[in-house]
Each structure stands twice: as C-alpha cells, then as structure tokens.
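2 protein chains.
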Amino acid sequence: MSDTSTPSGGRIMLVGLGPGSHAHLTARARAAIAEADTVIGYVTYIRLVADLLDGKEVIKKSMTEELDRAIEAFERARAGRKVALISSGDAGVYGMAGPTFEVLFQAGWTPDSGIDVEIIPGASALNTCAALVGAPLTHDFCAISLSDLLTPWPTIARRLDAVAYADFVVALYNPKSGRRTGQIVEARRLFLRHRRPDTPVAIVKSAYRPKQRIEFTTLEKMTECDIGMLSTVLIGNSNTFIRHGLMVTPRGYSNKYDVDSGTTHAGEQAGRSLSTGLDGWRAGLHASGLGAAELAALHRLPEDYIAALLAEPLASEAADEPAGADA
Amino acid sequence: MSDTSTPSGGRIMLVGLGPGSHAHLTARARAAIAEADTVIGYVTYIRLVADLLDGKEVIKKSMTEELDRAIEAFERARAGRKVALISSGDAGVYGMAGPTFEVLFQAGWTPDSGIDVEIIPGASALNTCAALVGAPLTHDFCAISLSDLLTPWPTIARRLDAVAYADFVVALYNPKSGRRTGQIVEARRLFLRHRRPDTPVAIVKSAYRPKQRIEFTTLEKMTECDIGMLSTVLIGNSNTFIRHGLMVTPRGYSNKYDVDSGTTHAGEQAGRSLSTGLDGWRAGLHASGLGAAELAALHRLPEDYIAALLAEPLASEAADEPAGADA
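Protein chains in written order, with UniProt numbering: chain A, 1 to 327; chain B, 1 to 327.
Calculated directly from the structure, the hints in this document are not laboratory data. Hints may be right or wrong, so weigh each one.
Treat identical chains as interchangeable: a pair holds within one or across any two.
Listed below are the simulated SDA-like cross-link pairs for lysine to any residue, each with C-alpha atoms no more than 20 Å apart in a straight line [as the list claims (entries may be wrong)]: (1) K221 x R188; (2) K211 x G284; (3) K256 x A266; (4) K205 x D226; (5) K256 x Q106; (6) K221 x I59; (7) K82 x P111; (8) K211 x G280; (9) K60 x E75; (10) K60 x I242; (11) K211 x L132.
For clarity, every value in this text was computed on a predicted model and none was experimentally measured.
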C-alpha cells in the first residue's frame, strides 16, 4: 500500500558495475555510488568497490537473497535514504532490476509515490568476456542462463535447441556450480544436434579481475574444461573462427564483397540489401515456380510463412527514394 | 605479410561509447580517447565526443564505410600512431571489432606483429534501452539485426521464428530505414505465429541523447509506430508485463515462492533447482511411463533428445555436497 508519509529524497539506484574493475565503471555508476547513503549488494560485488564505500551504510547479502536486497533497498528509500543496489555487469541482465521492480510493485510503489528508481546500465558479462576474446558477437547472439533454480529445465532446453538450430552466437550464464553440473552437459548435447563438434567455444572466468582466465575449446570438448560460477561460456556460430588466439564471428562482408579486391560480387551493391535480402529473396520465391512445401524445406522456414509470402503479390518497383544512410 | 619495420607504439583501441552521453562513458573509454593520436568513427559518434578530440586527427566516415575505417586505423597504427576506433554501444556488438579483425588478418597482422589491439567494452543498445524502460532483460534474451545488407533474409527469418517460438526477450537492431521497411513487417508476421498480439513492445530512440523517445506498444501494433535508424525495438517474452509505465520481465520467483508470504511452494527449496529443474524433470520423464514421442509433444522438445534421456539410467542419489553459493 502506498505510504503518503514517505520522507522526500529517498531513491533507489540500480547500478551495473560492469566487470568490476574501476577502469570499467561509467562516470554515472561511480557518481551513483558516491551519492548513496546505503549500498547493498552480493558480498563479492561489495568487495569490488570497497574503497568507494567510506562513511556509507553497507549491507552485504549472499547469492540467493536477491529479494531481501530489494526489500531492504525499499525500506531505506522509504526512510528518505539514497540507496545504491549494485550488480556486476548490467543490472538488467539476470540482475537486480527485475526483482526490485517485482518487490516494489508488490509493496504498492508507483513511479509517482515519491521514491525515484534509476537503472544505470553497464556492460554485461557477454560484452566484457567478448572483448577479451576478440569479436565473437559481431552477429546475432543470445544469452541463456543454465540456472534452473527458478526456471523449469524444458524451458531452458527448448531455448538451447532453438538457438543452436538458428545459428546464433550463444553466451551461457550460470553455466555450472557445485550442485548444478548436468546442465552444461545437456547444453552440449542439444547443441550437437545442430552444430559441428569443432564449433569454437571460449570460457572466460573473472573477466578484468585478478584471477581472469580465458580458455578456448570446442563444443565437443567444453564439458572437459574448468567451468564454474564465475565463468561465462561463449559458443560461436557456424562462421565463427579462432585465429591467432582471437575468436571472431564475421559480419558477412564476404556475402557482398570480394575479400581481396574489396569490390562487390556481381549483382550486389554497397549500401543496399543483398540480392538474397528480403525483396530479392521474396521475388526469387515467386520466380522459382516451386510450391510452399518445397521452398519451406529448401529454406528451412515454416511452410505457412512461405505460403503467405507466395500469396502476396510482389510490390511494384518502388519509386526512387532519396539517398540516405542505411546499415 | 608481417611488416617487421613497423614503428613501435602503434595501437588500435576499439572503444565502445555506450549510449554516447559522457556520463555513461567508462573511465577506460575516456582514457583511450585521451591517449589517441587519431580518432576514427561514423560521423554521428564523432559528434558525441567532439569536445574530447582537441589536437587529435579526426577521421569521420559514413555509415557503410566500416571496412574503410578499419583499414585507415591499421595504416595509422602501422605508422606508430595510437588510434581510437569508436562505436556507439559496445564495439563487439554489430560494431567495429569484427570488421577490424577481418581487415587486420587479411593484411597479415598477428597479435605479435607489434600493433596492439584492445577492445574496450561498453553497454550495448539493448542494455541502455532496457535501462530506460524498466527491466525487460531479466530473463533469456537475444539480439537480431534486421539489416539484410550483408545477411540473407532466410537466415534472419529463421532466427526470428526460432526465438519467438522459444520465448526469448528479443532486441531488434537496425529495425527499419528509408529503404528497408519490409523487414519489421516480416518480423511481426513471424512473431505472431507464436506470440500473443498483445505482447509488450518498447521502441526506444536515441537513448540518453537529447532526442530520446520511448514508446510502449504491442506486437500487433508495432508496425504502426515511428521506427527508424536510431531505434531499438524490445519485444517482451510471454511473461513480460507493463505496469506504471515500466516494462518488466519476471525472473521466475513465482515458480518457487508464494508472492505474498515469501515462502517456498510445496516441494521447492531456496538455493536448489526447481522440482522441474533438470534432475527432477528427468526423473519425471522416467516415472511418467510415457514414450518419447508423447513426452516430446508434451514438452515441445525433440523426440531424439527425450529418447536419449530415457535411455540413460538416472544417477543414484548424489552424496551430500558441501553447501555453496548457487544462482
């Protein structure tokens, strides 16, 4: 229920610390911690910024006490205090932002009730680990948590299978712990249904911290590697390669350009969709003379989707549009 | 071919600017720009940090000249200069990191050839846009670029369909431009095969910049909204909700806890996998007496995967493990 007697000035700042080293704190993250009267966080994160906490009330919590952290933040803010709730990485990614809003809504808070809530973004583990291994995230990617403490396994398995099939770069969060050792084995099993056993994998532990460790391996061998609570596992897509100790996913320039000369392939144009981009590909469906079932099998897309496209006439030539930036 | 006469000191720093406001630059990003002799980037990003560039060589490029930017960075670094190649967001996410490595490898560069390459991570658009709308990324999420300039449409379509089916939160990058207007329509079509028309969607433009604009809509109506080159589209999963102007994806606490009392549901334990986590769910498969085909249909998982699990005996009771943090 809303509390109309809330002292003014209370606020909650959900701070993403990034990887945790001071060099990778944003100016706003650092300022938010400085502004705070109270700082609440998992003990490991508190330790990362211990030198910034002089004179502040510090509340250290253990790993599974996320809801408690949110509740204490709200209680302090209702008393008029400025509270920094800290997360490693980005507070929105498997972090404190979601649980905090759930607790706040449950307690009757609204954005107008006198307590301001600010989320300060930071680089998540997938970005920081990627930065250390090269450029694995250059194309479509996803994040999946292997923690089944709050999520049924079939939901996780369905996600793993879908992104393995559709050739995403995949970052596995919470890949393994003392109690949870089977999930990474199942992830490998599901990925091997679709992906080559030699698909590059990077395992990064404690990115940008003293005990940082990077290991390159493959989908086949990753379960033999040292993976723990502080690790992020990055699985490449079917084009990802490792060269000179760097893991790189191509953006696709070779689909359009000859790599050596830099000129476009026949039929392709810089700044324009590929000939197999939406318009060209759709025209190709119509021109093929094939039926929806056959095209669906050929392109590995749902038959009803292909049928819908075939049922729609192609747009007439678009009028010349003004030149504009595109990406 | 490696150039053994490279003057020493040349380096390339791939800097992620985050959303672009100075408050959200990391200390390392700011320091890298300060260290640079030459700063190269798309003209919009150069403008974001114009006040940090006094006395430096500044090279502004247009949107599709990514390979040119990488080539010029390499040429300057070979001449001994410190070069900052800037990207908005995170340099590794659809940014300059991948193209830079591709160009460097093509030119014969190796990490030992005297030119150091550092990637400085930043918060990507998905993190910064999420921070402005609430907490949409609390559960598994992905990023898909709707640009078909370098990627065939069937590849993109297959990815859209897969993550809509598997119930990811989805961030669409490059959703629309003057020339590319059909791809967002196709994304909606594919999503509607799996997801409710009232699925919450947030469209964020120019996050943390003067012309910032946030619009909440639904999957059904999103194609009627103003979407452009500076927009990121965030599509919620089947549990995402919008309340009090905030978009929140639950982490799943209600799977384990009674929301009002905070106590665990019968059969669930704090700090342990759900009863429908991997071990419990696998035991349930065996106990069901059902066949692989039926279980596969029930759980929407591949039949061969279910069959493999049924063929393996369940592990005997694990010995008591020492209590340890888990997430």
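Consistency of the hints with the structure:
no.: 1; hint: K221 x R188; result: within (9 Å within a copy, 38 Å between copies)
no.: 2; hint: K211 x G284; result: neither (53 Å within a copy, 40 Å between copies)
no.: 3; hint: K256 x A266; result: within (9 Å within a copy, 57 Å between copies)
no.: 4; hint: K205 x D226; result: within (9 Å within a copy, 41 Å between copies)
no.: 5; hint: K256 x Q106; result: between (52 Å within a copy, 16 Å between copies)
no.: 6; hint: K221 x I59; result: neither (41 Å within a copy, 44 Å between copies)
no.: 7; hint: K82 x P111; result: within (16 Å within a copy, 46 Å between copies)
no.: 8; hint: K211 x G280; result: neither (50 Å within a copy, 34 Å between copies)
no.: 9; hint: K60 x E75; result: within (16 Å within a copy, 50 Å between copies)
no.: 10; hint: K60 x I242; result: neither (40 Å within a copy, 31 Å between copies)
no.: 11; hint: K211 x L132; result: within (14 Å within a copy, 33 Å between copies)
This entry does not satisfy hints 2, 6, 8 and 10, going by the numbered hints stated previously.
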